[in-house]
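J.: Spelled out, the chains give:
2 protein chains.
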Amino acid sequence: MTPSEPTETRTEARPTQTATLAEIAREAGVSAPTVSKVLNGRADVAPATRTRVEELLRTHGYRRRRAEATRSPLIDLVFHELESAWAMEVIRGVENVARDAGLSVVLSESAGRLTPGRTWADQVAARRPHGVVLVLSGLDESQRALLTSRSIPFVVMDPAGDPGADVPSIGATNWQGGLAATRHLVELGHRRIGAISGPPQMMCSRARIDGYRAALETAGLPVEPGLIKTGDFHHETGYRLGRELLDRPDRPTAVFAGNDLQALGFYEAARELGLRIPEDVSVVGFDDLPVARWVGPPLTTVRQPLTEMAEAAARLVLELGRSPSREAPTSTRVELATSLVVRTSTGAPPVAGS
Amino acid sequence: MTPSEPTETRTEARPTQTATLAEIAREAGVSAPTVSKVLNGRADVAPATRTRVEELLRTHGYRRRRAEATRSPLIDLVFHELESAWAMEVIRGVENVARDAGLSVVLSESAGRLTPGRTWADQVAARRPHGVVLVLSGLDESQRALLTSRSIPFVVMDPAGDPGADVPSIGATNWQGGLAATRHLVELGHRRIGAISGPPQMMCSRARIDGYRAALETAGLPVEPGLIKTGDFHHETGYRLGRELLDRPDRPTAVFAGNDLQALGFYEAARELGLRIPEDVSVVGFDDLPVARWVGPPLTTVRQPLTEMAEAAARLVLELGRSPSREAPTSTRVELATSLVVRTSTGAPPVAGS
Numbered sequence: 001m002t003p004s005e006p007t008e009t010r011t012e013a014r015p016t017q018t019a020t021l022a023e024i025a026r027e028a029g030v031s032a033p034t035v036s037k038v039l040n041g042r043a044d045v046a047p048a049t050r051t052r053v054e055e056l057l058r059t060h061g062y063r064r065r066r067a068e069a070t071r072s073p074l075i076d077l078v079f080h081e082l083e084s085a086w087a088m089e090v091i092r093g094v095e096n097v098a099r100d101a102g103l104s105v106v107l108s109e110s111a112g113r114l115t116p117g118r119t120w121a122d123q124v125a126a127r128r129p130h131g132v133v134l135v136l137s138g139l140d141e142s143q144r145a146l147l148t149s150r151s152i153p154f155v156v157m158d159p160a161g162d163p164g165a166d167v168p169s170i171g172a173t174n175w176q177g178g179l180a181a182t183r184h185l186v187e188l189g190h191r192r193i194g195a196i197s198g199p200p201q202m203m204c205s206r207a208r209i210d211g212y213r214a215a216l217e218t219a220g221l222p223v224e225p226g227l228i229k230t231g232d233f234h235h236e237t238g239y240r241l242g243r244e245l246l247d248r249p250d251r252p253t254a255v256f257a258g259n260d261l262q263a264l265g266f267y268e269a270a271r272e273l274g275l276r277i278p279e280d281v282s283v284v285g286f287d288d289l290p291v292a293r294w295v296g297p298p299l300t301t302v303r304q305p306l307t308e309m310a311e312a313a314a315r316l317v318l319e320l321g322r323s324p325s326r327e328a329p330t331s332t333r334v335e336l337a338t339s340l341v342v343r344t345s346t347g348a349p350p351v352a353g354s
Numbered sequence: 001m002t003p004s005e006p007t008e009t010r011t012e013a014r015p016t017q018t019a020t021l022a023e024i025a026r027e028a029g030v031s032a033p034t035v036s037k038v039l040n041g042r043a044d045v046a047p048a049t050r051t052r053v054e055e056l057l058r059t060h061g062y063r064r065r066r067a068e069a070t071r072s073p074l075i076d077l078v079f080h081e082l083e084s085a086w087a088m089e090v091i092r093g094v095e096n097v098a099r100d101a102g103l104s105v106v107l108s109e110s111a112g113r114l115t116p117g118r119t120w121a122d123q124v125a126a127r128r129p130h131g132v133v134l135v136l137s138g139l140d141e142s143q144r145a146l147l148t149s150r151s152i153p154f155v156v157m158d159p160a161g162d163p164g165a166d167v168p169s170i171g172a173t174n175w176q177g178g179l180a181a182t183r184h185l186v187e188l189g190h191r192r193i194g195a196i197s198g199p200p201q202m203m204c205s206r207a208r209i210d211g212y213r214a215a216l217e218t219a220g221l222p223v224e225p226g227l228i229k230t231g232d233f234h235h236e237t238g239y240r241l242g243r244e245l246l247d248r249p250d251r252p253t254a255v256f257a258g259n260d261l262q263a264l265g266f267y268e269a270a271r272e273l274g275l276r277i278p279e280d281v282s283v284v285g286f287d288d289l290p291v292a293r294w295v296g297p298p299l300t301t302v303r304q305p306l307t308e309m310a311e312a313a314a315r316l317v318l319e320l321g322r323s324p325s326r327e328a329p330t331s332t333r334v335e336l337a338t339s340l341v342v343r344t345s346t347g348a349p350p351v352a353g354s
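Keeping their order, the protein sequence lines are chains A and B. Heads up, the first sequence is in full-length UniProt numbering, so the first residue is 1 and it goes up one at a time. Heads up, the second sequence is in full-length UniProt numbering, so the first residue is 1 and it goes up one at a time.
Everything labelled a hint here was simulated from the structure, so no lab data went into it. Keep in mind that this is a model prediction, so the values were computed, not measured. One thing to keep in mind: the hints can contain errors.
[Stated by the list, open to error] Per the computed footprint, the stretches of chain A lying under chain B, defined by three or more beta-carbons under 8 Å from a beta-carbon of chain B, are: (1) 91-104; (2) 265-272; (3) 287-295.
[Claimed, not checked] Footprint (simulated), chain A over chain B, 3 or more residues, beta carbon under 8 Å: (4) 97-107; (5) 263-269; (6) 284-294.
Where is the CB? At the ideal position from N, CA and C, for every residue including glycine.
Using the sequences provided together with the hints, build the complete structure.
T.: Dropping the structure here:
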């Protein structure tokens, strides 16, 4: 037997194992090598047999013995959609950790589905990576069972802040970010501060707007529902909702945008109306994408440490893979701190508007 | 023998094979399974043996029989550096083709080295992808031999336009792009047109500037060396060299920037001097990154079809993998067309400057 062959036939004595591979084979009425083939994602198993074996692996809570040698030097990274403006920041973070660990990164996109396809899970089982990092997406029950029975750990990197119950996950402090951005505007002297929000079904949008509200309330300022506009995270809504805010006779002197792209859309709205940033109107973004430094004027924004979050997710998944086998994955939620980066898109309010 | 086992022991009758696996084993003084282990990237082979076998594989021009079943459903994508502003456009293109073909993308970074490390090549040999797409980097002789002996095809996606001699590669028409950008400015009435170039050691920079020169010369305009500034492809040099051009008493009324980031740096230089774009000075970029649409004013630029180029590279590498085994890889160079995208950063020259 070479070092790269599976070793699960030697696991019978392990105390935390509820059933051995041989027992599962007996119960399924197949040979032990057939169960091994299913675990390895081999194609030469009849679909009905595969389904029966998978079902028994799940009901018995079978977990493959951790055998470093059977793992491929890979780490899987799955995106909800690669179109996201910050996908690159995340890829960089996972790549940094993978490179140091001598691993390569396998990239997949669930193409807008909340969970990657069934084929994906089979491919992951077959290629046996050290772990899986999921960005803004999760796994369904059977996918979780599939990975768990192969002892392939997974972590959700979830800047939206809405992870499942017992899923290890990494996020950011969105509420604090909204608070810091709005406090900054209050401290500059602004009293009428508008907000352009991301989609309300994403928890991160809600948290940012709640932070905005908290800043206004603790400063003794009224929260005017008419000054809070709800859209999505794209440039276009920043422009359109920016125009709605700026076209008001009692327009705000400053705006907290849900993310950097919305802030840039707001720039365009201000430019069309001949309003100067920050002399006539101030704006704060969220994310601190590279583009925030490149625009004129450079954008004051809340930095979300996307690369560090991705690094943390990758490190956590490797750690889960090294730790001894457990009955259930650890429940872990880590939120990394956001921080305000002051550039030149914010200033004191114009005299007429104060 | 299961379908996922290597099949090279059955290749002895093939006519184009210069040596069989058995002959190489005999010459190396090892068993055929040992040669097979080397081909599969197994760890359990003594380094000296591995070196001897690799050397014989190379000198005999051994090429593994193409056996679809032995390939992993992967395609490798290697970047010179992931920091590149357009890496995401490339990843998307390769991902599009991979997804349609039921493959996942393995991402690596050669971390600024022109060729990925030795470990990388061993890992690729071990994971047996359908092919390798290299972005702005190449392979050394031993890496090429390693991949060739495993029948793993590779294609260089090379926007810089400097591929090796017999390497299949995909590029873009940089010269035509520089020509189109500058002609556009000439047609608007500009007579003093400056240029900010990328690094001269990259062929794409030279081609773009040569296109700029050709447009001036065919319009009967002088090429003034003092109006051509050379930097790198970053925002910072666009700003600094933009200031140098705009601080001249006889400043140009329009500038052709080497890429979009330099154009944005130029925006900042103009803004600092209180010059409006395009009323006081026009600027054209190169690439058409998403950010070109988001800035104020939206940037006129030469679109480089990065996603389509990456798709073409991925399709070509899969095609090379499907075609029958050949003695040497096809020499292929495809350049996809660039195109001018006119937005609002360009206009007629100011009256005083014409």
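J.: Give a verdict on every hint.
T.: Comparing the hints with the structure gives:
| no. | hint | verdict |
| --- | --- | --- |
| 1 | 91-104 | holds (count 6) |
| 2 | 265-272 | holds (count 4) |
| 3 | 287-295 | holds (count 5) |
| 4 | 97-107 | holds (count 6) |
| 5 | 263-269 | holds (count 4) |
| 6 | 284-294 | holds (count 4) |
Of the numbered hints stated above, none is contradicted by the structure.
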